[in-house]
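With chain A held as given, fit chain B onto it using these hints.
Chains A and B, in that order, give the protein sequences. Going by the working numbering, the first residue of the first sequence is number 4, and it counts up by one from there. Going by the working numbering, the first residue of the second sequence is number 4, and it counts up by one from there.
It should be emphasised that the hints constitute simulated quantities derived from the structure, not laboratory data.
Partial pick of chain A residues on the chain B-facing surface, computed with a CB cut under 10 Å:
id, residue
1, 74
2, 245
3, 331
4, 338
5, 441
Owing to the predicted nature of the structure, the values given are computational and were not obtained by experimental measurement. No residue lacks a Cβ here, since even glycine has one placed at the ideal position from N, Cα and C.
There are 2 protein chains.
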Amino acid sequence: MPSTHLTFTSRDAHRAWLGGQAALPAGFRVGATRFDFTPREAPKPARMTLTLIALDRPTPDFAAVFTRNAFPGAPVIIGRRRLAEPSLGAIIINNKISNVCAPDGLETAARVCAETARHLGLAPEQVLPSSTGVIGWSLPAGAMVAALPQAVAALSAGSVLPAAEGIVTTDLYPKIRRAAVGRTGASIVGIAKGAGMIEPNLATMLVYVLTDLAVPRDTLRAMLARVVDDSFNTISIDSDTSTSDTVVLLSSGKIPAAADHAAFETALAQVCRDLAEDVVRNGEGVRHVIRVRVAGAPDRATARALGKAVVNAPLFKCAVAGNDPNVGRLVQAIGKHVGAHAPGLDLGRLRARMGGIEIFAGGAFQLDPQKEVALVAHLRDAELYASVPTADGIFTPPVNYPAHERCVEIDLDLASGAGACTVLGGDLTHEYVTENADYRS
Amino acid sequence: MPSTHLTFTSRDAHRAWLGGQAALPAGFRVGATRFDFTPREAPKPARMTLTLIALDRPTPDFAAVFTRNAFPGAPVIIGRRRLAEPSLGAIIINNKISNVCAPDGLETAARVCAETARHLGLAPEQVLPSSTGVIGWSLPAGAMVAALPQAVAALSAGSVLPAAEGIVTTDLYPKIRRAAVGRTGASIVGIAKGAGMIEPNLATMLVYVLTDLAVPRDTLRAMLARVVDDSFNTISIDSDTSTSDTVVLLSSGKIPAAADHAAFETALAQVCRDLAEDVVRNGEGVRHVIRVRVAGAPDRATARALGKAVVNAPLFKCAVAGNDPNVGRLVQAIGKHVGAHAPGLDLGRLRARMGGIEIFAGGAFQLDPQKEVALVAHLRDAELYASVPTADGIFTPPVNYPAHERCVEIDLDLASGAGACTVLGGDLTHEYVTENADYRS
Chain A
4 MPSTHLTFTS RDAHRAWLGG QAALPAGFRV GATRFDFTPR EAPKPARMTL TLIALDRPTP
64 DFAAVFTRNA FPGAPVIIGR RRLAEPSLGA IIINNKISNV CAPDGLETAA RVCAETARHL
124 GLAPEQVLPS STGVIGWSLP AGAMVAALPQ AVAALSAGSV LPAAEGIVTT DLYPKIRRAA
184 VGRTGASIVG IAKGAGMIEP NLATMLVYVL TDLAVPRDTL RAMLARVVDD SFNTISIDSD
244 TSTSDTVVLL SSGKIPAAAD HAAFETALAQ VCRDLAEDVV RNGEGVRHVI RVRVAGAPDR
304 ATARALGKAV VNAPLFKCAV AGNDPNVGRL VQAIGKHVGA HAPGLDLGRL RARMGGIEIF
364 AGGAFQLDPQ KEVALVAHLR DAELYASVPT ADGIFTPPVN YPAHERCVEI DLDLASGAGA
424 CTVLGGDLTH EYVTENADYR S
Chain B
4 MPSTHLTFTS RDAHRAWLGG QAALPAGFRV GATRFDFTPR EAPKPARMTL TLIALDRPTP
64 DFAAVFTRNA FPGAPVIIGR RRLAEPSLGA IIINNKISNV CAPDGLETAA RVCAETARHL
124 GLAPEQVLPS STGVIGWSLP AGAMVAALPQ AVAALSAGSV LPAAEGIVTT DLYPKIRRAA
184 VGRTGASIVG IAKGAGMIEP NLATMLVYVL TDLAVPRDTL RAMLARVVDD SFNTISIDSD
244 TSTSDTVVLL SSGKIPAAAD HAAFETALAQ VCRDLAEDVV RNGEGVRHVI RVRVAGAPDR
304 ATARALGKAV VNAPLFKCAV AGNDPNVGRL VQAIGKHVGA HAPGLDLGRL RARMGGIEIF
364 AGGAFQLDPQ KEVALVAHLR DAELYASVPT ADGIFTPPVN YPAHERCVEI DLDLASGAGA
424 CTVLGGDLTH EYVTENADYR S
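Same shape as in the complex, but just chain A (with noise of 0.2 Å):
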């Protein structure tokens, strides 16, 4: 990460950008609608986004991986079943609420499914629902199958644009990757939504990629849990794994495969790694994003780890978005993983950089005010915005695009073996307390 290095000086040229990725593969559509309902549990009036991305024809190569969080959603456990069906014909999505745990959560998704089927000419089973929000709230069935008919009518194969813009919550900007497979005329698509709660385990919280490229199942599935282990995996934004995490992966099927399909692994894990770094760089109050490069270590389980310690701790989290080096609060999240979580592992040979200079080495800070100073200009030119509060202390993001695709840059090297990861995050800013605890949600 990442293949590219954008840099944007507006939203009006952030979404010509994201036009020239939206043209969608061959055989899918897409239709969102939007509408107004009051929750059962908190009266209060909110507003919900339906999307619909249907198939010209049900396929049988479909791929999904989900959250591990011991709390599942309903649409998750009923993700889960759809994988051993022959095939999928579309998938419904709604925001605002998750229906996880809710007490009448899978009878409601059925329903919504079942509907969507119906007009759509399929089986229930050939329906998969996703839904994010709210944790602990039912859905508003009836008004969600009122609703549609409208979803169903603005069904279009010209770009999958009406879907990302349809299935985010607090996201800034709609995500959006595509890559070509080799020469074959196929593309991918994909669209990720996904801002807050986020250390995806298994997967990110809804990730959707389309292909026309013709991949079997079994050889779709496998290429997925790869690359999600590779992407989706390595990234967090605040520690919390939603009980939502879906990644879908669709083939229609409309362009022949050579049998070697290395090409399209290979697209599908850069489209996987990009929108996985989009969703950190928009994810909830992020102002920096941090990579951490992890090498030298006993093994990839080891380095993954590490990096998602520093990525995680809060003191560190915080200095970096005071554009402060606090290099001592790097080298404390990695003591204290390694105190807890390895102890037998050696940090004698640990040599630490951020932005390419030297901090650590020999088992003592190499620091002096000159390096200060690089380290202090490092930061601020990885931040995406300035930190403005209006007068009663609401921080709020002045972009709702993104200005570039810099990281403050961490390198860990161990020198203790040939584990390496890198793993992306955020900083901890106001803009995210905001986000979480000014408001009621």
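Just chain B now, kept in the frame of chain A:
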């Protein structure tokens, strides 16, 4: 916890209460002095307090536990060696710089010990060094040695308050707790420092517990290990484990003990639990203390880990900060932990209450608008102070005393065994971010 239910309406009232706690057990003197200096690594003026705790006569009966962070500070490395010495006569403590992985850290700490010993007529090995503050900087040994005579001159047998005040960094107020030991006439007095980087793994930041009861070294050490495990090891402010965590227990031996030390352990446990709760209540940015009582777990370790997962879940912590009873985020945190770390645990019998109100049972949320109102009231009642920013968005606590000892009360019953543990943590607030991001440390 807690053994007390105190409320204070002003700093003066809190100070008066502290004065009543502060009488030193027989055989101890404390003194402190303050001086200005310039750190080598980032030249800007800084102020350090040097605090001395001295025994009238060196004692063989001392105990200490230290951080499990894999990058322990020089004082921790030396402290572990001191445990093998026949006796201890004094502790020399500095704030502002924690002396962790500094190129000359061990030499500097040894020099400060030697100079302290010279002033007090002790051997250098009879002096325990302790440091807290910025990680990565070097101790100003020359300035510390120059200031030592003032600390020695200030030694007094009256009150522990100068030491409780001397060891703080970002603490809002000093922390002192005392208990009488049965009817022996002996007492235990403890002081604590700690406001951030607090999820102790063996001990909390800096805690010194003094008693005049004669308890043999081996008994003292076994008791301290048990008591710490049930007090400081059950709290977390921000999940960050300091490189300098230290708990020291000293007996002057002035008052003979009965063979049965049970009353002593009871009193010691009370002092340590109260200090642990004080540390949380004065945690950086903490506006609500969250108490999670986990019962019905397969074992105590599982119960404690689950409680820690709840008090460390950023989204739930933010919701509490906002007086938002977002119990979905609470259940998410439980599911995240069990899914990742205890996948065999059956959550089907989980019953969860907040403020005594049932919110989850039988696999589903138990919510309605009336409960919502009651939960908001419970959260508001546990708030320590209202969050008020300055015009430029700086959030600083408006109080320098603990207003009350109420908590957000969470009860989780897994109905899967007899394991239980109570864990204390805090919310995640603008005040935490301001403390750790808005000002360069």
